[in-house]
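Chains as they are written, first to last, in UniProt numbering: chain C, 1 to 462; chain E, 1 to 462.
Treat the hints as calculated values from the structure; they're not laboratory data.
Beta carbons: idealized from backbone N, C-alpha and C, even for Gly.
Hints may contain errors.
Claimed, not checked - Derived list of chain E stretches under chain C, where covered just means 3 residues or more per stretch with a C-beta under 8 Å from a C-beta of chain C:
#, stretch
1, 20-26
2, 91-102
3, 121-134
4, 258-270
5, 276-282
6, 316-326
7, 397-404
Claimed, not checked - Label-pair restraints from in silico Cβ distances:
#, chain 1, residue 1, chain 2, residue 2, range
8, C, Ile121, E, Arg19, 18 to 26 Å
9, C, Leu381, E, Arg362, 55 to 63 Å
10, E, Ile121, C, Arg13, 46 to 54 Å
11, C, Ala324, E, Thr318, 16 to 24 Å
12, C, Arg132, E, Arg26, 52 to 60 Å
13, C, Gln175, E, Arg19, 39 to 47 Å
14, C, Ala303, E, Ser94, 41 to 49 Å
15, C, Leu381, E, Ile121, 28 to 36 Å
16, C, Leu381, E, Thr314, 52 to 60 Å
17, E, Thr314, C, Leu454, 24 to 32 Å
18, E, Arg26, C, Asp248, 56 to 64 Å
19, E, Gly142, C, Leu381, 39 to 47 Å
Spelled out, the chains give:
2 protein chains.
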Amino acid sequence: MTSAQHPPSPNDRIVRARRDLDKFLRDPDPNPERAEDVAGQLATLPLSEVIDILERSTPVRAALVLRMLPRARAILAFDALDAAHQSDLVGALSDDAVSDYFGAMEPDDRVSLLDELPAEIAQRLLHSLDERDKDTTSLVLGYEKNSIGRHMSPDVPMIRAGQTVGEALASLRAQNDHVETIYTVPVVTSDHRLVGVTSLRTLFTADEDVPVVDLMSEPISATTSAEDEETARRFLALDLLALPVVDDSGRLVGILSNDDAFDIVEDADDEDTARSGAAEPLRQPYLTTPVWRLVRSRVVWLAVLALSGLLTVTVLDTFEDALASAVVLSLFIPLLTGTGGNTGNQAATTITRALALGDVRRRDVFAVMWREARAGLLLGLLLGGTFSLLLGFFYGPQIGLILGLTLLIVCTLAATVGGAMPILAKAIGADPAVFSNPFITTFVDAAGLIIYFLIAKAVLGI
Amino acid sequence: MTSAQHPPSPNDRIVRARRDLDKFLRDPDPNPERAEDVAGQLATLPLSEVIDILERSTPVRAALVLRMLPRARAILAFDALDAAHQSDLVGALSDDAVSDYFGAMEPDDRVSLLDELPAEIAQRLLHSLDERDKDTTSLVLGYEKNSIGRHMSPDVPMIRAGQTVGEALASLRAQNDHVETIYTVPVVTSDHRLVGVTSLRTLFTADEDVPVVDLMSEPISATTSAEDEETARRFLALDLLALPVVDDSGRLVGILSNDDAFDIVEDADDEDTARSGAAEPLRQPYLTTPVWRLVRSRVVWLAVLALSGLLTVTVLDTFEDALASAVVLSLFIPLLTGTGGNTGNQAATTITRALALGDVRRRDVFAVMWREARAGLLLGLLLGGTFSLLLGFFYGPQIGLILGLTLLIVCTLAATVGGAMPILAKAIGADPAVFSNPFITTFVDAAGLIIYFLIAKAVLGI
């Protein structure tokens with residue numbers, strides 16, 4: 001994205017400004033006179049470039065950049081950062097600046113930041129808010145993590161079903177300063193029960209005398225306790241701007257904007273991606289994450305996978321006699337375990353994504369296993385056929401037969417188990433992405449090796 | 001999400017309606033009299049449930065459901081489906097219904113569907129549009145794939161910098177029928193050059209006499225040729241509703257809504273997720289994807305991975321003498337290749353995601369390798385230490401030493417290569433998610449085995 005205000009070759013200017021800023025920031029003893037020049041250049045950069053600079057800087061440098069920005073831009077830029085990154089910055093900024101930025105955030109963004117901060121600092125920040133903001137923020141804090149209540153804004157506009165368009169528009173003007181959005185307009189009864197939804201666009205283009213009830217549609221809403229990821233995905237599929245949120249008795253208590261929903265989905269995708277690679281999500285830009293945090297995000301899964309890999313050692317130990325009498329069998333071990341693991345992971349990745357998108361549910365487990373068994377069998381026929389010919393040519397027909405049969409069975413088994421695992425993981429309340437990967441690799445490696453040696457012993461007669 | 005209109009236990013009602021519908025749809029010879037009952041039940045379901053039913057049905061059954069819906073709901077439901085799924089449905093629906101749904105879609109959604117259809121049907125559909133819609137759709141079709149132009153709506157509202165708020169509001173009312181949104185309001189000069197952006201909210205709450213120039217802010221915009229994924233991610237980070245799109249000379253030609261941007265990002269995430277699991281994205285709900293398409297989405301990568309796995313066979317063949325004189329060495333092969341592959345994939349997954357999010361760029365390759373080398377070394381020390389003690393206890397100190405040293409080197413190497421690969425892949429124009437996985441597995445497996453046997457030969461003196 002570029003800022004359309006400064007056309008003559010804005011890219012060169014941006015590159016130069018960023019280079020100057022980089023030099024200034026890396027200077028261990030920066031010249032204070034240069035600071036003004038750099039701040040001047042910074043002021044001409046588009047906001048998205050400024051955010052990009054902040055995301056790639058250490059907390060101390062990012063705090064320096066924020067101090068050089070005019071207040072309004074600094075607030076926008078701070079607001080655009082991830083909560084984990086904001087929390088790192090809090091220590092490097094002055095208390096006044098932090099209170100200032102914090103006060104300008106939406107209640108749900110404040111809660112995300114508070115979740116990342118040590119309790120003591122979180123308490124102090126909460127108390128720096130004015131009464132109204134403190135109340136709305138505390139309200140959101142009261143809902144459970146992973147619920148819609150935790151992400152909504154309690155600053156929701158509302159109009160009455162009995163109003164005319166003219167009255168409704170006047171009421172919206174009066175509410176404007178205190179609400180997150182005025183584009184999606186929930187319609188309520190006198191006791192705040194949600195009965196419909198309309199939009200500023202509809203009201204703004206209608207006659208003033210028309211009753212609001214004639215312009216509202218069926219209210220698509222969520223309850224505060226609804227699970228956040230599933231609700232956010234369904235809501236985003238409808239291409240609506242905002243979703244009214246009601247309590248258990250149907251009273252309007254908040255609104256979820258589509259960018260809040262998008263943040264929920266992106267965080268969930270971040271987590272799924274990291275976990276499918278057997279790591280935990282970093283929750284902040286890579287280059288500003290300390291190395292020890294990278295290690296911490298990976299070491300547990302790596303250790304679990306390696307320890308469960310000991311099962312393969314035990315299996316091979318059992319077949320040590322067969323290995324000793326036909327050393328050639330050991331040559332194909334990585335090929336077999338690799339192919340089995342890949343087939344299982346393909347199925348698991350597909351089903352984990354389908355679960356996240358709501359395309360597959362728990363009750364579909366047998367339908368999924370039946371589809372995966374057929375897909376695995378087809379893949380096994382193709383791979384087993386190819387490799388039995390290829391390896392049969394170099395290592396003799398017996399080896400070709402052993403590998404062809406093993407690949408056929410291992411692919412079918414791996415796809416079936418790989419498809420079922422994420423659903424079973426979800427059924428017992430585990431994260432499908434975390435639970436599937438280690439289990440499938442371990443199971444397929446061990447089962448694959450047992451099948452391999454049983455077939456080899458039968459074919460070779462050892 | 002639930003519909004707030006029908007509170008008394010809506011879940012039971014939904015479950016019952018879905019069960020009845022399921023039974024009706026699966027009946028090979030359905031009773032036509034039942035159709036009316038089922039349509040009645042369908043009418044009471046929330047729209048999100050209807051979409052869910054469509055996403056889980058075969059094209060023929062989904063077409064039957066669409067026919068039972070009132071026109072307005074059918075249009076909304078069809079619009080909410082993925083383009084690949086819509087294209088499957090086109091064959092099962094009547095031509096009239098297809099033209100009807102197609103005509104009601106946004107230009108960019110129409111283009112996504114046209115991309116999925118055979119050329120002949122696409123041409124026929126395009127010609128079924130009225131002149132105005134045909135023109136805007138053809139305009140979007142003219143931009144390159146993966147450019148912002150391809151996703152924008154040309155139906156953009158605009159007001160003049162010289163207008164007052166009152167004039168601007170009147171102008172927006174007049175444009176209302178022909179524009180995608182009226183909430184984000186681009187401000188242009190007389191020759192359509194973008195000079196600022198304001199919002200309906202700002203205009204609606206301001207005095208009628210205020211000049212528009214006093215209420216507009218720096219225009220954050222994109223050009224039609226900008227790369228879609230990166231632009232969409234940056235735009236979404238700013239929590240804006242819509243992004244004005246300009247041509248190369250700064251003239252306003254369209255607008256990208258945040259739900260269009262969200263669709264771009266979700267499609268890209270879908271692709272990355274599938275490819276990190278060594279498969280191609282399905283682009284339609286899992287349960288309605290034919291098994292042969294599942295196989296097609298996986299077989300190429302599985303075959304590439306398996307064929308590159310032949311490298312491990314060659315490496316082991318080279319060390320067959322060492323294996324024959326110490327069969328115990330073969331017991332640890334899956335453990336070593338597994339751990340190396342996992343370490344490499346952890347790094348590659350993290351960096352692929354960081355590249356997609358724009359947190360890491362090409363010029364950061366050395367910074368990334370240096371961070372990953374240190375992270376890998378730490379992981380290697382932890383794992384190598386643990387396993388040398390553990391396996392040393394069971395298989396003797398020499399084996400412990402060999403495995404500890406090998407894990408230390410393999411982890412460091414795997415993390416470094418795993419971190420560098422996605423960046424190098426991007427530099428040569430390949431998809432980081434596709435290219436990294438097979439290359440890392442193959443390289444780490446082969447290199448790891450060579451290191452293992454060299455250390456083993458030195459320690460055991462064979």
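request  = Given the range 52 to 60 Å, decide if the beta-carbon distance of arginine 132 of chain C to arginine 26 of chain E lies inside it.
outcome  = Cβ of arginine 132 of chain C to Cβ of arginine 26 of chain E: about 55 Å, so the range 52 to 60 Å holds.
ask   = Does the stretch 20-26 of chain E contain three or more residues whose Cβ lies closer than 8 Å to a Cβ of chain C?
value = violated (count 0)
request  = With respect to the beta-carbon atoms only, verify the hint that leucine 381 of chain C and arginine 362 of chain E lie 55 to 63 Å apart.
outcome  = This hint is violated: roughly 42 Å between Cβ atoms.
ask   = Between glycine 142 of chain E and leucine 381 of chain C, does the beta-carbon spacing fit 39 to 47 Å?
value = 45 Å, holds
key: Pairwise beta carbon distance, leucine 381 of chain C to threonine 314 of chain E, judged against the given window 52 to 60 Å   = 25 Å, violated
request  = Given the range 46 to 54 Å, decide if the beta-carbon distance of isoleucine 121 of chain E to arginine 13 of chain C lies inside it.
outcome  = 48 Å, holds
request  = Please count how many residues of the stretch 258-270 of chain E have a CB within 8 Å of a CB from chain C and say whether that reaches 3.
outcome  = It holds: at least three residues are needed, and the stretch 258-270 of chain E offers 7 whose Cβ sits within less than 8 Å of chain C.
task = Determine whether the Cβ-Cβ distance between isoleucine 121 of chain C and arginine 19 of chain E falls within the hinted range of 18 to 26 Å.
result = This hint is violated: roughly 52 Å between Cβ atoms.
task = With 28 to 36 Å as the target window, see if leucine 381 of chain C and isoleucine 121 of chain E comply at their CB atoms.
result = This hint holds: roughly 34 Å between Cβ atoms.
task = Check the following: the C-beta atoms of arginine 26 of chain E and aspartate 248 of chain C are separated by a distance inside 56 to 64 Å.
result = 35 Å, violated
Cβ distance range 39 to 47 Å for glutamine 175 of chain C and arginine 19 of chain E, holds or violated = 43 Å, holds
ask   = Counting residues of the stretch 276-282 of chain E that have a beta-carbon nearer than 8 Å to any beta-carbon of chain C, does the count reach 3?
value = holds (count 5)
Consistency with the previously given hints fails for numbers 1, 2, 3, 7, 8, 9, 14, 16, 18, ordered from lowest to highest.
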